[in-house]
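Visitor: Protein chains in written order, with the working numbering: chain B, 1 to 239; chain P, 1 to 311.
Hints may be right or wrong, so weigh each one.
For lysine-lysine, the following DSSO-like pairs were computed, each having C-alpha atoms within a straight-line distance of at most 30 Å [claimed, not checked]: (1) P:K145 with B:K80; (2) P:K275 with B:K80; (3) P:K121 with P:K145; (4) B:K80 with P:K154; (5) P:K154 with P:K121; (6) P:K154 with P:K141; (7) P:K121 with P:K141; (8) B:K80 with P:K40; (9) P:K121 with B:K80; (10) B:K80 with P:K32.
Simulated from the structure, these hints should not be mistaken for laboratory data. All values reported here derive from a predicted model rather than from experimental measurement.
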Amino acid sequence: MLSIALSELVQIFRNRLVLVTSLVMPAAVSSFFIYRHDVFAALGSLGYIAAVVMFTVGAFGLYATTVTTLASRRQNLFLKRLRSTGAGDTGILTGLLLPITVISLLQVAVIMTVLAVVTGAPDNVLLLAAAVLSMVIMMLGLGLATAGLTNSAEHAQVTTLPISIGTIVVASWVGITGTEDLALLKRLLPGGSATELVVNAWNGGVPLPTSLLLLAPTLSWVTVAVALASRIFRWEPRR
Amino acid sequence: MTRSHWQMSVATAEIRCMASTPVIDVERLNLKYGDFHAVKDLSFQVRPGEFYALLGTNGAGKTSTLEVVEGHRTATSGTVRVFGQSPRDRRAVRPRMGIMLQESGFSPDLTVRESVRLFGKLSQRTDRVERVLGVVDLTRKAGTKVSQLSGGEKRRLDFATAVYGTPELIFLDEPTTGLDIQSRDDLWDAVDRLRDDGSTIVLTTHYLEEAQQRADRIGLMHRGTFHREGTVSELTRTLPATIRFFLPARAPALPLQATRENDGTFRIETFGLQKDLFTLLRWAQDHAVELEGLEAGPTRLDDVFRALGSD
Numbered sequence: 001m002l003s004i005a006l007s008e009l010v011q012i013f014r015n016r017l018v019l020v021t022s023l024v025m026p027a028a029v030s031s032f033f034i035y036r037h038d039v040f041a042a043l044g045s046l047g048y049i050a051a052v053v054m055f056t057v058g059a060f061g062l063y064a065t066t067v068t069t070l071a072s073r074r075q076n077l078f079l080k081r082l083r084s085t086g087a088g089d090t091g092i093l094t095g096l097l098l099p100i101t102v103i104s105l106l107q108v109a110v111i112m113t114v115l116a117v118v119t120g121a122p123d124n125v126l127l128l129a130a131a132v133l134s135m136v137i138m139m140l141g142l143g144l145a146t147a148g149l150t151n152s153a154e155h156a157q158v159t160t161l162p163i164s165i166g167t168i169v170v171a172s173w174v175g176i177t178g179t180e181d182l183a184l185l186k187r188l189l190p191g192g193s194a195t196e197l198v199v200n201a202w203n204g205g206v207p208l209p210t211s212l213l214l215l216a217p218t219l220s221w222v223t224v225a226v227a228l229a230s231r232i233f234r235w236e237p238r239r
Numbered sequence: 001m002t003r004s005h006w007q008m009s010v011a012t013a014e015i016r017c018m019a020s021t022p023v024i025d026v027e028r029l030n031l032k033y034g035d036f037h038a039v040k041d042l043s044f045q046v047r048p049g050e051f052y053a054l055l056g057t058n059g060a061g062k063t064s065t066l067e068v069v070e071g072h073r074t075a076t077s078g079t080v081r082v083f084g085q086s087p088r089d090r091r092a093v094r095p096r097m098g099i100m101l102q103e104s105g106f107s108p109d110l111t112v113r114e115s116v117r118l119f120g121k122l123s124q125r126t127d128r129v130e131r132v133l134g135v136v137d138l139t140r141k142a143g144t145k146v147s148q149l150s151g152g153e154k155r156r157l158d159f160a161t162a163v164y165g166t167p168e169l170i171f172l173d174e175p176t177t178g179l180d181i182q183s184r185d186d187l188w189d190a191v192d193r194l195r196d197d198g199s200t201i202v203l204t205t206h207y208l209e210e211a212q213q214r215a216d217r218i219g220l221m222h223r224g225t226f227h228r229e230g231t232v233s234e235l236t237r238t239l240p241a242t243i244r245f246f247l248p249a250r251a252p253a254l255p256l257q258a259t260r261e262n263d264g265t266f267r268i269e270t271f272g273l274q275k276d277l278f279t280l281l282r283w284a285q286d287h288a289v290e291l292e293g294l295e296a297g298p299t300r301l302d303d304v305f306r307a308l309g310s311d
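Can you build the whole structure from these sequences, using the hints too?
Guide: The following block contains the structure:
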């Protein structure tokens, strides 16, 4: 598994397209949000900025790269070749997705640290970490499911749009308008409850048990995504 | 009998028993894709150290069969055992087998050395990357990205990863497609050395002469099942040998039944090549007839293969 992860890391740094979409673009967008934090804090809150940068990394860095990686590795039969070895399916997927997951987590950690230095520390760091982890797991699950519907790296540019754009729109909607209205709908949408959790963790003022309940919808999305992925994920191109 | 002698006898018996156990045992294999029955009731065995060739017409089911035996696909019904275990049990079976796929499946962004190192490590066998690169003459290309390799070089890389660590069982799916003559010779030399080391080889190829020269046994597939199976001589003896020649105009009647081809050659099919050839030559001598372009030869695998298509 580690040898697959290492080779994947080498490939990420050699492929300029992946490097730009998974590293440079989310970092640039996040820098803009932090640079204009006064404007965005007035629009929503500091917690909203934290949520939107987290989902920018999650959607474009993690989710889109997961789908692109799996689709292109399947298309050029790299997945089939990996399955010709003694490596198990879980080990193969873990190896392939470990580098981008670690990179995304590091990116979120660095970006949030910068935000904290610029604007002040979050109210509950552990809750924030739980929110980030739940987002990462959800995006990985959705990535696996979407990869099952994606034929190639080019096709991934289309198939990833609904969830990439959708989660950022949901994060912005929930982050700016809060959950006083349409709470159930906002929390059930993918990214809705994770956004509320980040806002609560950053801004504070909400009892911990209430916030922890918000992990449930996100983890439900993980279950749905993994169940979908197990049905539609393919290891070889369609004949 | 001393204890050590007894232990040695038991060990020898175990080795003999293991040697007689087929490396591959396929029994009544069926594979369907929806309504399409790709493989029908196929049964065969491959013994340790054997060179077995799986040949057939396009769409005969060779690749489907191989994919089930390699563990890439699940059979619709039937039993497939590799080293006595299910080929789907990758952890148990894969370290003992090397697979040269029909299509490469390498990452274009990795170098040749990185690719061999990665798949060598995943094979769980031990070997030296530089040695394996030397076997396929890719040492000078070790630092080159896979995307910059020619088709033939990719095939050699494919072979290198399949034979890393000298596996007990090696699948070669169209191994020489895209290779120049020198590379083909080098590859077959490497295969011969693997056989000397005791590896079992399973080959599919469209180059029939490669199978004819090397295979201990051949399974000829047609429409999802075996049309024939056996050694080259067993397969070819079922079809007649052929004598071909041109006859001058106004030649007397031939002593044997012959067919005139579209290009004007006469063809005699016979199961008694030596006797009939002698009869023909004696007739030509007696009548002072020059048999231009005379060719006589035993049945080749090509002829058996062509007979498949006409069935």
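Visitor: Take the hints in turn and mark each one as holding or not.
Guide: Hints, verified against the model:
no.	hint	in the structure
1	P:K145 with B:K80	holds, 20 Å
2	P:K275 with B:K80	violated, 55 Å
3	P:K121 with P:K145	holds, 19 Å
4	B:K80 with P:K154	holds, 16 Å
5	P:K154 with P:K121	holds, 19 Å
6	P:K154 with P:K141	holds, 11 Å
7	P:K121 with P:K141	holds, 20 Å
8	B:K80 with P:K40	holds, 25 Å
9	P:K121 with B:K80	holds, 16 Å
10	B:K80 with P:K32	holds, 20 Å
Taken one by one, the earlier hints fail for this structure only at number 2.
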